[in-house]
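Given chain A, work out where chain B should sit, using these hints.
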Amino acid sequence: MDFDLTEEQRLLQDSVTRLMADRYTFDARKGFLKQPQGWSAELWGRYAELGLLGLPFAEEYGGFGGGPVEIMLVMQEFGRALALEPFLATVVLAGTAVRLAGLPAQQASILPAVADGTMKLAFAHGERQARYDVADVLTTARRNGGGWVLDGAKSGVLHGDCADKLVVSARSAGERDAAAGITLFLVDAAAPGLARRGYAMRDETRAADISLTGVHVADADVLGEVGDGLPVIERVMETGIAAMGAEAVGAMETMHAMTLEYSRTREQFGRPIGQNQVVQHRLADMLMSLEQGRSMSMLATMSVDEPNAAERARNISMAKVGYGQAARFVSQQAIQLHGGIGMTEELAVGHYFRRCMVIEHTFGDTAVHLGRLAAQVG
Amino acid sequence: MDLRFTPEEIAFRDEVRAFIRDNLPSDIRERMRLGHSPHKEDTVRWQRILNKKGWAAHNWPKEWGGPGWTPIQRMIFLNENQQAPAPEVLGFNITMIGPVLIQFGTSAQQQRFLARAANLDDWWCQGFSEPGAGSDLASLKTAAKRVNGHYVVNGQKIWTSTAHNADWCFVLVRTNPNAAKRQEGISFLLVDMKTPGITVRPIISIDGSHHLNEVFFDDVKVPVEMRIHEENRGWDVAKYLLGNERTGIARLGKSQERVAAAKEHAGEVRFNGRPLIEDAAFCQRVAQLEVDMKALEITQYRVVSAYAKQRDGRPDPLSSVLKVKGTELLQASTELCMDVAGPLAMPVWARELSALANEPDPEAEWSAEATGSYLFLRAASIYGGTNEIQKNILTKAVLRL
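Heads up: the sequence lines are chains A and B, in that order.
The working numbering applies: residue 1327 is where the first sequence begins, and numbers increase by one.
The working numbering applies: residue -4 is where the second sequence begins, and numbers increase by one.
Chain B extracted, bound-state conformation:
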């Protein structure tokens, strides 16, 4: 038992750190440092740089263009990338559809999509939630009827992040409305977003950004070859995907980056006539966050190490702990940044002011973005299975109540 990184792991971390330092384009770095969420182009550009190095598909096996890293190495990579801060690789492509294609896809599906997903030639989005199927995902109603060589899809998806950027969508549809169990009538389809009958409508979130969408399907024809796994077995695929999603969901490096940014800015703003960083209550709050992040860091490595050793590929139910604690910290760290920015964090116009001014105003920009992140990340404890659902998972899988 040893919590220290091995010399190999330290060398690996240094290699990753150096690569990001030397290859992250400076305009992207500057935007990230000011707390912006990355533009679509930023994400694409950075993921292609990583892919050229063979690192974008960090969790894929070597034969499909992954780097063949250990789970610990993957964690190190994700943390370094988040702390840089650099745009994160697109989760829909890398941690969701990629592993699904590798596990369940036909050879033709793998050949067609995997390399393009790694290189972000296709931007994927996730069509799971519906107006009537949020936490209770299995109650989804979007219907797919088989007509000749096609499914004809009708229905509506909601909260579809980045659907407006997307080329493809993986969608859960109901293919058998009469199945004995609701979970047994669901199939998993790959849908080209250019298919006639698809309408994407923006949902503006409380941070003022366009990230979420509604997606309407009106007689959308999807070739049968675009189904993953067997008909009516889509729930197995979704469960596999959500399990995969959870191992990286703590996004600890992001919280660490936010706390570091808050400390840096707290040295520059004043509180009771002194730098905020000298205020005892502020320091106490930061120290508490640092303790909680340390605990999560170790728990994360424990879960990841155990996952590496177990062979059945099923997610560790303790990954629900990572989701709950990780998102709580993500929220607490963005809240801290907003509180550090203080009154300058409140006007919406700070963002525009900075854009309009002849001279850049990084402080106003950072402050406005701090609030944007705070507002947007209220979603963190809702997406990917709400934190209450995670507790239900723990109740069932660990407590067995």
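So here's chain A without its partners, still in its complex pose:
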């Protein structure tokens, strides 16, 4: 057991911390939100220059061969800054699908372009009726000559509005909810029959609903084995849950620090509110939740590459419950201790609150993951 970072990891962390401190102030972020795509193309270029966009990919594909710890370090900083760019969608989610399931030719055509910042990806799996049911896929994939035709609708696709290529799940066989029969496809966002409607989530990140009407996909664009997409989808979600955990830790740290600072400066009844024991103990409770949440983020990070699928899934579910509950507590208390000002759009704390809220409801909420764990108790 070892909690130390390597020298390279420390350097990576420092460079991202510096970049975000310089360029990603809360005010600068307001400007990024006003850009047409809702995030900063310039920062995206800086991430590419720093090597972040190729972080988890093999060196032969323009990547840096980093692992879950490297992603954790970057996501923590992005959580502190409330970064809006499609890093999670492109590098972590769809990037993982391509990295794990892609043929060498597919990886070679996509990953270098992702790493240099020219191609953005999205992971188009969720459907409206599915809620959190991972295998509930109604989008169909029909054989058509030497290729496939996709029909259906995807919902809540993170950064689906700006992606150049989508990793789309569709049912090539089997009934609704069947684990077998789901296939992943690489689909060009400009493909005829594909339409998308972009929108903002509650935390100001972007997402899209995507409709697929007779979309033709070549055989060469099947990602992984036909009918065996579900294990890949699960790996993608697990990787995403680990990354979001680190992001939530960054957000929690920031909310806690802001609330602590506020309690030192805000005076009522002639003294700072932080001199009241009830406020002090609440801040101590927040600290304890933050530290337990940090431990759970570490658990998720360290479990992403666990070869035993059952153990991996169990640890990831534990982590999602643990950091999700911690984030909910810390963010709710952050607003409470700020009082009225915490309710305002003007203050950053409500933005962190909403990022944590969206994270908790992505890839299975607390009830879903606690339910999975509960099913293993008996």
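FYI, nobody ran anything at the bench for these hints, they're computed from the structure.
All residues carry an ideal CB built from backbone N, CA and C; glycine is no exception.
Don't take every hint at face value.
To be verified - One-sided and incomplete, this derived list gives chain B residues near chain A with beta-carbon spacing under 7 angstroms:
| no. | residue |
| --- | --- |
| 1 | L(-2) |
| 2 | I67 |
| 3 | I198 |
| 4 | I199 |
| 5 | I201 |
| 6 | Q279 |
| 7 | A282 |
| 8 | R297 |
| 9 | P312 |
| 10 | V316 |
| 11 | I384 |
| 12 | K386 |
| 13 | L394 |
| 14 | L396 |
Frame of chain A; chain B shown alone:
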């Protein structure tokens, strides 16, 4: 960064597990499995077996008979011992007075007491709290006046766990009532419990057990050589001791053992016509506890690893997180056991019934003990610095408010 145990750590865990399996006497194992708190004799017998192996003084350096383990190894040992379940080594001896003697003791004090503490030849107890000095420990009043080569001690201690079993007591006394700061007039004395003038009176706790005591000191003569560290510097010693106490205070292995026991018994009792273990709400409650225990396990290893690297020997203020979360889980897991036992957990007589019956009734016995633990461990969030005091420590040391 790697949360997995190294192959060496896994080998170590297996070695500890095998040793406990092969050496824990079966009568002790049976009592522990039924949820009894260990008898005095159980604790002594097991600690001597561990000491013979060189493991009892798990946190002492090698030169004083410790095994020379890393902090991670110590944590592994404590967890395995708790999960076995085996009696825990006596904290007063091993994590409290032992490290204090090593850090502050004179050579004569070390020679006289350390080996005997490791082997539980002397049973130590802790004379800190007083009727007027609970959380506010520095307001203690028990007075020690220096007369010739002795201190003459007068006053009263309370909540003195196992004083009725004890051979020796480490006591905080006031040697200078006029010190500028209250903390500066306190000394740390080692007192032989057989000294004339000491009276031990039992306090029966809400579980019906005799664990706590009041200890009265009436002109008790303590030789000056029995003082640890300088006169009026006892507060430094107490702070060091309490910091040491906290690294193992989460007692996570105990909570894990309790949850495992609750699950086992939940397979045997019924709820709505089916085994309780099949009830969704019960499973959810267990799953939540398992999540919280996992988080604490990792936090504990984080704190312990950081502690191993830092050289000044000062406790990590985050160990207060371990104390609060650990005791909350200890309480929640014993509460779970009681709820699993259900109506059979309520009669006091279940314990006697089992003792009187011609045939043993392990279910009634386990159920009665589940309630006993639940009741007794309400103290967990009170002893060792209440959980509210821990939050004050976090406020001061981490939040700096």
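Hints and how they fare:
1. Interface hint at B:L(-2): satisfied, since its Cβ lies 4 angstroms from the closest Cβ of chain A, which is below the 7 angstroms cut-off.
2. Interface hint status for B:I67: upheld, as the beta-carbon distance to the closest one in chain A is roughly 6 angstroms, under 7 angstroms.
3. Hint status for B:I198 relative to chain A: violated, with the closest Cβ pair at about 29 angstroms, above 7 angstroms.
4. At its closest, the beta carbon of B:I199 sits 32 angstroms from a beta carbon of chain A; the interface hint therefore is violated under the 7 angstroms criterion.
5. Because the closest C-beta pair between B:I201 and chain A is about 26 angstroms apart, greater than 7 angstroms, the hint is violated.
6. Restraint check, B:Q279 versus chain A: the minimum CB separation of about 5 angstroms is within 7 angstroms; hint holds.
7. Because the beta carbon of B:A282 sits about 4 angstroms from the nearest beta carbon in chain A, less than 7 angstroms, this interface hint is met.
8. The closest approach between the C-beta of B:R297 and any C-beta of chain A is roughly 6 angstroms, which is under the 7 angstroms cut-off, so the hint is satisfied.
9. With its C-beta approaching chain A no nearer than about 10 angstroms, B:P312 sits outside the 7 angstroms limit, and its interface hint is violated.
10. Restraint check, B:V316 versus chain A: the minimum CB separation of about 5 angstroms is within 7 angstroms; hint holds.
11. Annotation: interface hint on B:I384 violated; nearest CB of chain A at approximately 11 angstroms, more than 7 angstroms.
12. Interface hint at B:K386: satisfied, since its Cβ lies 4 angstroms from the closest Cβ of chain A, which is below the 7 angstroms cut-off.
13. For the restraint placing B:L394 at the interface with chain A, the shortest Cβ-Cβ distance is roughly 6 angstroms, inside the 7 angstroms limit, so the hint holds.
14. Given the 7 angstroms rule on beta carbons, the hint for B:L396 holds: about 5 angstroms separates it from the nearest Cβ of chain A.
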